[in-house]
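Visitor: Sequence:
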Amino acid sequence: MAKIDIDLFKFATGSILGAPGELAGEDAVNYVAVLLEISRVGGVSVEERKFQFFVERNLGIEAEEIEQGRAKAKEHEGALADLVSGINDPEIRVHLFRDAYLMTLVGGLDNVELQVMDRLAGALGLSRSLANKIFKMVDDLVQLHKDFLDVLEQAGIE
Numbered sequence: 006m007a008k009i010d011i012d013l014f015k016f017a018t019g020s021i022l023g024a025p026g027e028l029a030g031e032d033a034v035n036y037v038a039v040l041l042e043i044s045r046v047g048g049v050s051v052e053e054r055k056f057q058f059f060v061e062r063n064l065g066i067e068a069e070e071i072e073q074g075r076a077k078a079k080e081h082e083g084a085l086a087d088l089v090s091g092i093n094d095p096e097i098r099v100h101l102f103r104d105a106y107l108m109t110l111v112g113g114l115d116n117v118e119l120q121v122m123d124r125l126a127g128a129l130g131l132s133r134s135l136a137n138k139i140f141k142m143v144d145d146l147v148q149l150h151k152d153f154l155d156v157l158e159q160a161g162i163e
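The opening residue of the sequence shown carries number 6 in our numbering; numbering runs sequentially from there.
These are computed hints drawn from the structure, not numbers from a lab. Note that CB positions come from ideal geometry on N, CA and C, so glycine has one too. It cannot be assumed that every hint is accurate.
[Stated by the list, open to error] Okay, derived cross-link-like pairs now, SDA-like style, lysine to any residue, Cα gap no bigger than 20 Å in a straight line:
| id | residue 1 | residue 2 |
| --- | --- | --- |
| 1 | Lys138 | Glu96 |
| 2 | Lys141 | Gly113 |
| 3 | Lys141 | Lys79 |
| 4 | Lys141 | Val99 |
| 5 | Lys138 | Ala128 |
| 6 | Lys141 | Leu119 |
| 7 | Lys79 | Val99 |
| 8 | Lys55 | Ala68 |
| 9 | Lys138 | Arg124 |
| 10 | Lys138 | Leu114 |
| 11 | Lys151 | Val99 |
| 12 | Lys55 | Gln73 |
| 13 | Lys79 | Pro95 |
| 14 | Lys141 | Leu157 |
| 15 | Lys138 | Gly83 |
| 16 | Lys138 | Val99 |
| 17 | Lys138 | Val156 |
| 18 | Lys141 | Leu131 |
| 19 | Lys55 | Lys141 |
| 20 | Lys141 | Arg124 |
| 21 | Lys79 | Val147 |
| 22 | Lys79 | Arg45 |
| 23 | Lys151 | Ile162 |
| 24 | Lys151 | Leu135 |
[As the list claims (entries may be wrong)] Listed next, with one range per pair, are the computed distances between beta-carbon atoms:
| id | residue 1 | residue 2 | range |
| --- | --- | --- | --- |
| 25 | Glu67 | Glu96 | 34 to 40 Å |
| 26 | Asn137 | Glu80 | 40 to 46 Å |
| 27 | Val156 | Glu82 | 39 to 45 Å |
| 28 | Phe58 | Asp94 | 20 to 26 Å |
| 29 | Asn93 | Gly161 | 30 to 36 Å |
| 30 | Ile162 | Arg54 | 48 to 54 Å |
| 31 | Asn137 | Arg45 | 47 to 53 Å |
| 32 | Arg54 | Ser90 | 22 to 28 Å |
| 33 | Ile162 | Glu72 | 18 to 24 Å |
Starting from the given sequences, assemble the full structure and let the hints guide the process.
Guide: Written out as structure tokens, the structure reads:
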């Protein structure tokens, strides 16, 4: 999957795909920690960091929870299962998987990150078929966005 711009993801998470609502407490800390761990795997790109800031802001995560999430990610580096173990709400788990995948696409998905996404799905207790549905849904949205940009270009609008 090619690298794409963050504006699509702002639109997708805010309008089309929805958000898990405002996160608080341990859910917020773990959400931030998982996103940081996923981005760490392939090296943190500027685009991935922008996406993390966007997610943190739009989910109402407090500055203290963000700092705790950073500390937790550092403490549990490489241990996705530990980072997600405190997230029990199935809806939050699905949103987290979606946002982690969106973030990897923003930075440019590679094979290592795809393997980490598979590990994350397992740690979250998501079946292979559900993970594939999320991948397909997001990939379809990305393709739709690209097709729309092509139409704008053909119409002379940039």
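Visitor: Tell me the hint numbers this structure goes against, listed in increasing order.
Guide: Of the numbered hints given earlier, those the structure breaks are 3, 7, 11, 13, 14, 15, 17, 19, 21, 24, 25, 26, 29, 30, 31, 33, listed in rising order.
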